[in-house]
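Novice: Please build the complex by placing chain B on the supplied structure of chain A, with the hints as guidance.
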Amino acid sequence: MSRPFIPKVVTANRLREGDVVYLAADNRWTAFHHEAELITDEAHAQMRLLHAAAQRLLIVGAYLADARPGTNGPEPTHFREDFRTRGPSNYNHGKQADFAS
Amino acid sequence: MYSYSDFDESFVRSRVAQFTDQVERRLDGSLTEEEFRPLRLMNGLYLQLHAYMLRVAIPYGTLSPDQMRQLALIADRWDKGYGHFTTRQNIQFNWPKLPDVPAILGALADVEMHAIQTSGNCVRNVTADHFAGAAADEIEDPRPYAELLRQWSTDHPEFQFLPRKFKIAITGAPNDRAVTRAHDIGLRMHRNGAGEAGFEVMVGGGLGRTPMVGRTVRDFLPSGDLLPYVEAVLSVYNTLGRRDNKYKARIKITVHETGLEEIREMIEARFAELRPLFGGNDQRLLSDIRAAFAAPAFRNAPTGAFDAFHKSDPAFRAWVDTNLAPHRNDQYAIVTVSIKAHGQTPGDATSDQMRLLADLAEKYGHSDLRISHEQNVILPHVHKSDLPTLHAALVQAGLGTANIGLISDIIACPGMDYCALATARSIPIAQEIALRFQELDLEHEVGPMKIKISGCINACGHHHVGHIGILGLDRAGVENYQITLGGDGTETAAIGEKMGPGFAYDQVVPAIERLVTAYLALRSEPAETFLMAVRRAGLAPFKTALYGAEGAQDAA
Numbered sequence: 000m001s002r003p004f005i006p007k008v009v010t011a012n013r014l015r016e017g018d019v020v021y022l023a024a025d026n027r028w029t030a031f032h033h034e035a036e037l038i039t040d041e042a043h044a045q046m047r048l049l050h051a052a053a054q055r056l057l058i059v060g061a062y063l064a065d066a067r068p069g070t071n072g073p074e075p076t077h078f079r080e081d082f083r084t085r086g087p088s089n090y091n092h093g094k095q096a097d098f099a100s
Numbered sequence: 000m001y002s003y004s005d006f007d008e009s010f011v012r013s014r015v016a017q018f019t020d021q022v023e024r025r026l027d028g029s030l031t032e033e034e035f036r037p038l039r040l041m042n043g044l045y046l047q048l049h050a051y052m053l054r055v056a057i058p059y060g061t062l063s064p065d066q067m068r069q070l071a072l073i074a075d076r077w078d079k080g081y082g083h084f085t086t087r088q089n090i091q092f093n094w095p096k097l098p099d100v101p102a103i104l105g106a107l108a109d110v111e112m113h114a115i116q117t118s119g120n121c122v123r124n125v126t127a128d129h130f131a132g133a134a135a136d137e138i139e140d141p142r143p144y145a146e147l148l149r150q151w152s153t154d155h156p157e158f159q160f161l162p163r164k165f166k167i168a169i170t171g172a173p174n175d176r177a178v179t180r181a182h183d184i185g186l187r188m189h190r191n192g193a194g195e196a197g198f199e200v201m202v203g204g205g206l207g208r209t210p211m212v213g214r215t216v217r218d219f220l221p222s223g224d225l226l227p228y229v230e231a232v233l234s235v236y237n238t239l240g241r242r243d244n245k246y247k248a249r250i251k252i253t254v255h256e257t258g259l260e261e262i263r264e265m266i267e268a269r270f271a272e273l274r275p276l277f278g279g280n281d282q283r284l285l286s287d288i289r290a291a292f293a294a295p296a297f298r299n300a301p302t303g304a305f306d307a308f309h310k311s312d313p314a315f316r317a318w319v320d321t322n323l324a325p326h327r328n329d330q331y332a333i334v335t336v337s338i339k340a341h342g343q344t345p346g347d348a349t350s351d352q353m354r355l356l357a358d359l360a361e362k363y364g365h366s367d368l369r370i371s372h373e374q375n376v377i378l379p380h381v382h383k384s385d386l387p388t389l390h391a392a393l394v395q396a397g398l399g400t401a402n403i404g405l406i407s408d409i410i411a412c413p414g415m416d417y418c419a420l421a422t423a424r425s426i427p428i429a430q431e432i433a434l435r436f437q438e439l440d441l442e443h444e445v446g447p448m449k450i451k452i453s454g455c456i457n458a459c460g461h462h463h464v465g466h467i468g469i470l471g472l473d474r475a476g477v478e479n480y481q482i483t484l485g486g487d488g489t490e491t492a493a494i495g496e497k498m499g500p501g502f503a504y505d506q507v508v509p510a511i512e513r514l515v516t517a518y519l520a521l522r523s524e525p526a527e528t529f530l531m532a533v534r535r536a537g538l539a540p541f542k543t544a545l546y547g548a549e550g551a552q553d554a555a
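Quick note, the sequences are listed as chains A and B, same order.
Position 91 (the first sequence) corresponds to 90 in numbering that gives the first Met the number 0; numbering is contiguous.
Position 516 (the second sequence) corresponds to 515 in numbering that gives the first Met the number 0; numbering is contiguous.
Because the hints were derived from the structure by calculation, they are not lab data.
Every residue, glycine too, gets a C-beta built ideally from N, C-alpha and C.
Among the hints, erroneous ones may be present.
[Unchecked claim] Cβ-to-Cβ under 7 Å is the rule here; a few derived chain B residues that face chain A:
| id | residue |
| --- | --- |
| 1 | 50 |
| 2 | 96 |
| 3 | 99 |
| 4 | 420 |
| 5 | 479 |
[Unchecked claim] Derived lysine-lysine pairs resembling DSSO-like cross-links, with alpha carbons at most 27 Å apart:
| id | chain 1 | residue 1 | chain 2 | residue 2 |
| --- | --- | --- | --- | --- |
| 6 | B | 497 | B | 247 |
| 7 | B | 96 | A | 94 |
| 8 | B | 497 | B | 166 |
| 9 | B | 247 | B | 166 |
| 10 | B | 79 | B | 96 |
| 11 | B | 79 | A | 94 |
Just chain A, same shape as in the assembly (with noise of 0.2 Å):
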């Protein structure tokens, strides 16, 4: 038996800025993980994954990352996707700072 297909998101870094973005069911690009889709199915995983490698004005260096459900959307299940989701752990810079609430 094949084992069951990981859920992703699409993730990428925009080109002009270099920030981590991720790729909205309805195609935006989007600075939070929860926005992002979650795709549970490999085939779609890989036409999102072609539709986000087309943008290439827009961003750099797609892929597909594993990821969860959670309370509030999409969450990511490995330390160095979380990582991307907020910075660096040695200042308060990326993310964490530029959507601090």
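Specialist: Just chain B now, kept in the frame of chain A:
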């Protein structure tokens, strides 16, 4: 200090113009990312975890005050007000935006700096002893040779597409402060039986996933033969080096697979062909370059004030004892300014600190600044009578930490806080170790100790040559840290040995503390350093300290 020739100037400016055009074409869609990526890497621009990163070369670690001020300006205008000094005498800006990078490169060119060949499979920034031209044990300033190598390797048509990156380090002293044995080519100056100065040439050193100590291919190379010999090494490597497998492409693997004797013969044969072709031009150029590195006009003045201060002020004395090194002029000292106040990020300097260091170098240091691979800033020429005033100014700016060579003077790569290749974080581990030993007030008691931390197997944090090395890995989706012991980056270079199972993130500091406690208990006398104790007592007592008596059996 070396000043750009018209040729250097026009070359760097033309590269800035080229890259400006390339960035425009990337932004308007004329270039794809696949086409653009190698072009941006040739200019030191990486895409990291949270942003772009620009790596700027500081050739042989030497900076003028104006260059340092320009780095501060770049940090303020286009980044977040700081820069990160790396373990290869580069500075990295962690937050540049792509459309701004051409302007940054232009600002660098204004002070004769660039980011060329700080990435890619070419000869990288040539690094040197950070005490060059000042150290008491030095035979000759190695920087003219390093500058000669820089000019020769920059845009060298034969060596732009090597099998893999290529790193050269050089020292003009028999004591190796430049980790020459961990470089693709290491050059260590010494004297032969006739008293002439020349280089021991070591080839195939390197850290990374297959750490190796460099092998000596020439015990003594007359210094006049340096360039043809280095070209011969590169030429042999360019032919033999493996392009089929990235992980076997470094020259250390070539040396290992070919055998030392055979590769030595090939280098010598190629050298015999190349040497006559040089025709003395390299030596004429070297002699011009040498003039640019003439020693400053040292002051002749009494040092009595220094002696009196040293006796009366314990804070000053502690700083003198750890942060100063002997200068070849005994009225002078080499000052290492620690940019590793406890809890700070190793290697980071704010723009204010950069400007202050530039001012202090002008006032008290013959306008000379150095960046060490150990991620500190050096004022190589300070008259002893100026030390009390200098120290006071540093303390006021938070730069007076007396910890050089001690447990909190940690080398750490950026790790997973910034680097796209990292498998775990390095910086917070370094911060927590430093804070813990400050809290214990133990570091002066512990004495000389080099902790080096890498956030992945590529070993930018030099963990293999740390007395204690820490390597951060991803074990089943969790950060895990492997500890090695007994590494040494000096002329007695050694690769540290793995202790046993790794430690979870929050168990690393307690593990280091247990190692230090074990050392303090077993050292024969305070003068026996940690490294000496490891060499004498072996790993067993330290394994017991890490894993307990039973666990040490399993780890053996």
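Novice: Go through the numbered hints given earlier and state which of them the structure violates, listing their numbers in rising order.
Specialist: Violated: hints 3, 4, 5.
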